[in-house]
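Q: Listed here are the chains, written in short residue letters.
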Amino acid sequence: MTLRLVGVGHSHANGTAALADLQLEVGQGERIAVIGPSGAGKTTLLRLLGTALRPQSGSLEILGEAPWAMSARARQRLRARIGLIHQAPPLPARQRVVTAVLAGRLGQWSLPRSLLSLAFPLDATGAEAALARLDLADKLYQRCDQLSGGQLQRVGIARVLYQRPALILADEPVSAMDPVLAGHTLGVLTREAQTQGATLLASLHAVELALAHFPRIIGIRAGRILFDRPAEAVTPAELAALYANDQLEEPSVRIAPLSQPLAVPRC
Amino acid sequence: MLIATPAPRDPAALPRLVLTAVVILLLWPGLQLSELDLGVLFDEDNARTMGGFVADFWPPAHDTDFLALLARATLETLAIATAGLALALVVALPAALLASRALSLSAISRNGHPAWWAQALRWPVRGLLIVLRSVPEIVWALLFVRAVGLGPTAGVLAIAITYAGMLGKVYAEIFESVDPLPTRALLGAGSGRLAAFAYAMLPQATGEMLSYTVYRWECGIRASVVMGFVGAGGLGQQMDLSMRMFAGGEVASMLLTFLALVLLADLISRLLRWRLA
Amino acid sequence: MSRLPGYLIALAVLLATVGAFAFLQLEAGALVSREALAGMLDYARGFLDPDFSAAHLRAVAWAALETLAMSGIGTLLAALLGLLLALPAAGRFGRLARAFSRLVLNALRAVPELVWAALMVLAAGLGPNAGTLALALHTAGVLGRLFGEALENAPTQPTEALRLAGSGRVTAFVYGTLPGLWPQLVAYTLYRWENNIRMASILGFVGAGGLGQMLYMSLSLFQEAQAATVILAMLAMVLAVDAASGWARQRWVRG
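Chains as they are written, first to last, in my numbering: chain G, 1 to 267; chain W, 1 to 277; chain H, 1 to 255.
Don't read these hints as lab results, they were simulated from the structure.
This list has only true hints and no planted wrong ones.
Using C-beta positions, here's what the derived DEER-type ranges look like:
id: 1; chain 1: H; residue 1: 244; chain 2: W; residue 2: 191; range: 42 to 48 Å
id: 2; chain 1: W; residue 1: 126; chain 2: H; residue 2: 248; range: 22 to 28 Å
id: 3; chain 1: H; residue 1: 91; chain 2: G; residue 2: 12; range: 22 to 28 Å
id: 4; chain 1: W; residue 1: 179; chain 2: H; residue 2: 243; range: 26 to 32 Å
id: 5; chain 1: G; residue 1: 145; chain 2: W; residue 2: 41; range: 39 to 45 Å
id: 6; chain 1: W; residue 1: 71; chain 2: G; residue 2: 12; range: 54 to 60 Å
id: 7; chain 1: W; residue 1: 181; chain 2: H; residue 2: 19; range: 40 to 46 Å
id: 8; chain 1: H; residue 1: 36; chain 2: W; residue 2: 20; range: 53 to 59 Å
id: 9; chain 1: W; residue 1: 181; chain 2: H; residue 2: 243; range: 29 to 35 Å
id: 10; chain 1: W; residue 1: 191; chain 2: H; residue 2: 91; range: 57 to 63 Å
Everything numeric in this text was worked out from a predicted model, so none of it was measured.
All C-beta atoms in this analysis are idealised placements derived from N, C-alpha and C, irrespective of residue type, glycine included.
Using the sequences provided together with the hints, build the complete structure.
A: Put into structure tokens, the structure is as follows:
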């Protein structure tokens, strides 16, 4: 069993419940899409599974281990086996794509190796292979601030593919791409997850993409699971109930590398 | 799974390798020449000498006579910075006008580019400004101490000279960065250069000039303390004397005063510039 | 304060200036009087004929190299120490460490280079080592504060993402924060280097080696010709370092 959630709940800092009494079991190698209106709790669920948040109630088991019952060191080892794909990949503007992708394996590399690789990329071949799967091999030595939002999202995916985690969590991984490219990229992601034997859980706001690429669909609304069934069994009525009184549009997130303004010293 | 082809060569690898090599090659003679030895800081004998001196820091000296001396020295430091800056302004303004090509008459008919001979005439002034500001103020102070004797006069002259160089350069740059059209219109209409400067350029440049001048004043206070160490008066000279006498308490009081002075200057400078902004 | 009219500020500035001249008992007349000017000119004439003999040039070149090494190594040490102190000062290791490291940084910065040099000469003896240490200590305070401010403004998401992917603290910092921070660190360090080359050439006044020591001795022995050569060397070095630093800034900081 890759994931087991029993009665998991979590509230935002302002007291509103983001998730309540969640029951979920995910087997190894499953590919799941999480859909639902904005504010339903999809991102919170992914952050809980990625051990970025600690659940306030219930029990959580990831890759057969309870992350919040172990030492910080052991938790870091567990995290090295979880790959997170962010909607806005947090990449430093001046970092080169090759370094950004190689950073996926920092959890597995020794400190000296990591430091040397910062100046002289040690596994450019591996990074290029990961990028090639997303048709970005020619961007290997470019800087992140030279890429578009969609390209940055693909670099984020390449980083996780290079990491080769046992569990891939993707938060709106293709939101900045046009529909054709989004479909193609999701196809690559699910196929790679399958060949690597990794479990994949992705939140998506495009329902058609979710139904087309993922065998299992979970619908979340107001912090609760509304339905959880195979893609072909999801009915239009259920989808209508999921998005009732909600617009499909996600609030747009600015996808750009993170840069810092330069200050001029004085005296 | 794709078959891994060897990645293209990293275009940054060679420059980075060369840079690493150069740094290592420079570091070795650098360490030799600077005779760097961190061990002295932890040597027992040295630590005791230093420790004894630093132990005297508490309590800072605060008897009435000393405080009167301290107040006088502090005022002297402030006065050196202010007077030095005032003299620097007297030199810097005309020099900036001469060095800047913003008031060029030959440029009006040449689309903003002055004639070569006019440009050549500006270079001596610019060269002079470079020399004035490139020799550190404390070297000027040392030279003036020999020429006019110990005391604040040397400090004032040193600040005047160095800051004339800095202000002159920055003013000239400011003049060249403001909108040139009003000035050119006046010059083209036959007004004199000074009139054109006063009516068209100065109104645009004043804010930035004042802001930089205030900031220089703040730097001047630090500089005047440091210059005291070569005998140019003010707080620095007293600090030097106290250090020679190993009077830790006095040094501590003066360092605290220096700190307060720098903070105060920073505050005033920020207030003034905020007011001017 | 905001309602304070401009002419009052102008009046205050004018009064302060007049007050400064009065306090120092400086009289423009005395400064430009015939005897004073004649004395100055006489003194200045000594500098117009710099000593370019081979032996002196060699000594000056050596001292210049020493000065360059002092400024370079001092700035480098300061950058390392400054970064080490900036991490706790930016609040990365809790409140107590933050307060303490800020105190250390302020103390290092508050003491001017020349005072540090005098103290180091006391502790480490005469020579460039004292100068290097003095520069390193003062500059560490300055750079530590600047680095700390830059660190506080640095976005934290890249580092957090790497931590969530299982990387260690050091590697996450180096891969996540440093790439964005790096240009700022380089800019500050270069700017301090430009400043330190000027400081390094004068720390010798208190016995800390380099060109300053030579200049001080020449002037003490009234050898104006030799002193003039040293000043020319200083000028050349300052201009060279400004140019080198400007080039490095273009290369690594912009764009």
